[in-house]
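Chemist: Chain residues, written in single-letter form:
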Amino acid sequence: MTTVFGVPLPAVLGQLMLGLVNGSFYALLSLGLAVIFGLLGVVNFAHGALYMLGAFAAYIGLQFLGVNYWCALILAPLAVGLLGVLIERLFLRHLYQLDPLYGLLLTFGIASIAEGAMRGLFGASGNAYPVPQLLQGGLNLGFMVLPIYRAWVVFASLTVCGTTWFLIERTRLGATLRAATENSRLVQAFGINVPLLVTATYGAGAALAALAGVLAAPVIQVSPSMGSSLVIVVFAVVVIGGMGSIAGAIVSGLVLGLIEGLTKVIYPEASNIVVFVIMAVVLIWRPAGLFGKE
Amino acid sequence: MLKTITAAICALSGLIAFSQVRAAGEQVVIGDIDDLSGVYADAGGQGGVEAINMAIADFGGTVLGKKIVLLSVDHLNKPDIGASKFREWADQNGLNMLLGGSNTGVSIAMAKVAAAKKVPFMAIGAGGASLTGADCTAYTVHYAYDTTALGNGTASAIVKQGGKSWYFVTADYAFGTQLQDAATRVVLANGGKVLGAVRAPLGTTDYSSFLLQAQASGAQVLGLANAGTDFSNSLKAANEFGLTKTMKPAALLAFITDIHSLTLQTAQGLYLTTAWYWDLNDETRAFAKRFFAKMKKEPTMDQAAYYSATIQYLSAVKAVGSTNSDLVMAQLKKVKINDVFTKNGYVRADGLMVHTMYVMQVKTPAESKYPWDYYKVVKVLSGEEADGPLPDATCPLSKK
Numbered sequence: 015m016t017t018v019f020g021v022p023l024p025a026v027l028g029q030l031m032l033g034l035v036n037g038s039f040y041a042l043l044s045l046g047l048a049v050i051f052g053l054l055g056v057v058n059f060a061h062g063a064l065y066m067l068g069a070f071a072a073y074i075g076l077q078f079l080g081v082n083y084w085c086a087l088i089l090a091p092l093a094v095g096l097l098g099v100l101i102e103r104l105f106l107r108h109l110y111q112l113d114p115l116y117g118l119l120l121t122f123g124i125a126s127i128a129e130g131a132m133r134g135l136f137g138a139s140g141n142a143y144p145v146p147q148l149l150q151g152g153l154n155l156g157f158m159v160l161p162i163y164r165a166w167v168v169f170a171s172l173t174v175c176g177t178t179w180f181l182i183e184r185t186r187l188g189a190t191l192r193a194a195t196e197n198s199r200l201v202q203a204f205g206i207n208v209p210l211l212v213t214a215t216y217g218a219g220a221a222l223a224a225l226a227g228v229l230a231a232p233v234i235q236v237s238p239s240m241g242s243s244l245v246i247v248v249f250a251v252v253v254i255g256g257m258g259s260i261a262g263a264i265v266s267g268l269v270l271g272l273i274e275g276l277t278k279v280i281y282p283e284a285s286n287i288v289v290f291v292i293m294a295v296v297l298i299w300r301p302a303g304l305f306g307k308e
Numbered sequence: 094m095l096k097t098i099t100a101a102i103c104a105l106s107g108l109i110a111f112s113q114v115r116a117a118g119e120q121v122v123i124g125d126i127d128d129l130s131g132v133y134a135d136a137g138g139q140g141g142v143e144a145i146n147m148a149i150a151d152f153g154g155t156v157l158g159k160k161i162v163l164l165s166v167d168h169l170n171k172p173d174i175g176a177s178k179f180r181e182w183a184d185q186n187g188l189n190m191l192l193g194g195s196n197t198g199v200s201i202a203m204a205k206v207a208a209a210k211k212v213p214f215m216a217i218g219a220g221g222a223s224l225t226g227a228d229c230t231a232y233t234v235h236y237a238y239d240t241t242a243l244g245n246g247t248a249s250a251i252v253k254q255g256g257k258s259w260y261f262v263t264a265d266y267a268f269g270t271q272l273q274d275a276a277t278r279v280v281l282a283n284g285g286k287v288l289g290a291v292r293a294p295l296g297t298t299d300y301s302s303f304l305l306q307a308q309a310s311g312a313q314v315l316g317l318a319n320a321g322t323d324f325s326n327s328l329k330a331a332n333e334f335g336l337t338k339t340m341k342p343a344a345l346l347a348f349i350t351d352i353h354s355l356t357l358q359t360a361q362g363l364y365l366t367t368a369w370y371w372d373l374n375d376e377t378r379a380f381a382k383r384f385f386a387k388m389k390k391e392p393t394m395d396q397a398a399y400y401s402a403t404i405q406y407l408s409a410v411k412a413v414g415s416t417n418s419d420l421v422m423a424q425l426k427k428v429k430i431n432d433v434f435t436k437n438g439y440v441r442a443d444g445l446m447v448h449t450m451y452v453m454q455v456k457t458p459a460e461s462k463y464p465w466d467y468y469k470v471v472k473v474l475s476g477e478e479a480d481g482p483l484p485d486a487t488c489p490l491s492k493k
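Chains U and P supply the protein sequences, listed in that same order. In this note's numbering, each residue carries its 1-based index in the first sequence increased by 14. In this note's numbering, each residue carries its 1-based index in the second sequence increased by 93.
No wet-lab data here; the hints were simulated from the structure. Among the hints, a few may not be true.
Residues on chain P that point at chain U, a partial pick, calculated with CB under 8 angstroms [stated by the list, open to error]:
#1 Val142
#2 Glu143
#3 Val291
#4 Phe303
Ideal Cβ placement from N, Cα and C applies to all residues, glycine included.
Chain U with its partners taken away, still in its complex shape:
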């Protein structure tokens, strides 16, 4: 049998496939972070909590309000996006003139509060969210059986990432947004409401995190700590891609998912640090990240 690093080829292909699934989550989450950092300059530590709240919104919807998975895909990001708008209006807004560290501390505090509140309400063990009827079962790829739901995650995430990239890099709205970050006073002079634009951007970033949360809900236990373990990795992904670079976030998210998948075959114990090792190497070699402009 053909082997790669002493591992049979089908196993490697299987791990790469799973890496792609994880990479899709990384891409979607780091995309939101990159949008918020690129356009607001805020290091949004609450991103993991927003992702967790998205998953909980889906769970609460299904359990208490009879909202099914497909509606939750729209409604949960809307609800969490609205919460994002509130956070920006009430708190973040006052910190733009200060050092970015203050934004980081504020969002970190918000994340802790959200996590504690959910733990108080739902306990630490979390809750189960069933895979929707339509996406149950598996696809036999020859080298592995891929659950249909995981395939859907890859498809949904790539679609959303592509659309967001297109919106920001190729449309007039995106051009305005990018202009506002370059020189907000000048853009304001053209009659564009920059504060509103900023609020909407944070809301959209929060909604992206929540969408990732809804996508993750059927795959992992919906628990208060699901975001905090992920947010650090996602930050590393953003740093590797280049802070604020949309394409960088998406590409490095997918690639790091693949690398992590391979690590799990070759040396599993290192699978949760491989991303950080790569981050250190990238920072030494290219401090602005792979896609960053310096």
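Model the placement of chain P on the given structure of chain U, informed by the hints.
Modeler: What follows is chain P alone, placed relative to chain U:
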């Protein structure tokens, strides 16, 4: 302004110190240091505090004519916090006995304080067998379960049913590896074999890669040597990837709250070992009913153990007519433990509370007749079967 505040703080702390000094001696002080907000908070946590309060109330609220007082604090899964809080209570609050754990690392740190301060320490939520081995002390009682008993229970039952080949998914830290070792010994001793093991970092959320490796091994049994959300996420992924159809899943440590949050749909058919189950008999059901009225959850084995340990300590104090730690420990090691938690349990020389363990299988949704009706008993293990007949030789206390 600053002066006023400083003065106020000084006055206030003086007042507190004074009231504590006055209080010590007139009260019997019980402490609880546990994970109240983290990953293990559902197994013990506030439910554990409630169970201790129930025990104190059932005992009548006083012992030897002194009022029984409970202090509790969150150790945040940090050994230094657990140890320093224990030391503080022993020095300043006249602490007579400490309950706690839910984390082997924190418990080992607190056991050292127990030895230094000569305060009895009932380790409840922690699994590490070294608490009554290399880390044993004359004042530690390891009460609810240890990794040896957990490994023995699940592994021996499954191997004897024909599950001969195993593959482990292990949490990559002391607790996980101790569990895997204990289970491996039993599997090999019963003529089974271990085809492989993968060590997943603590807090991993995506287990699909590890499970793919388990599946490729062709083993019959999937041994999950982990706990908490690590356990939930690995079982959930095993279900999703269809492993539960070809392999027998075996949990080495799972609480009823884990099963409740996973739902029977996902957990059905799972084997696990537990020290206690709320639906064992009328006595356990009566306790569970009172607990449920307050907490809206059925008690876990840890919470029942919190109740039992408190009752046993207070009974020992009453029997010897003193809170003297050496007298109380001698009494605890002399008597049989008979209460809602266990029958004919006893504390061995090394501090391990030897008691019955149950190997359970999780019911299917169709078999479950009422809320929280989750387990059926597969096998009852006597204390000696679960823990082995001899005290741990690595503990100096065993040699006496």
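Chemist: Each hint should be assessed against the structure and marked as holding or not.
Modeler: Evaluation of the provided hints:
Checking P/Val142 against chain U by beta carbon gives a least distance of about 15 angstroms; that is not within 8 angstroms, so the hint is violated. Because the closest C-beta pair between P/Glu143 and chain U is about 14 angstroms apart, greater than 8 angstroms, the hint is violated. Checking P/Val291 against chain U by beta carbon gives a least distance of about 5 angstroms; that is within 8 angstroms, so the hint holds. For P/Phe303, the shortest C-beta to C-beta distance to chain U is roughly 7 angstroms, which falls under 8 angstroms, so the interface hint holds.
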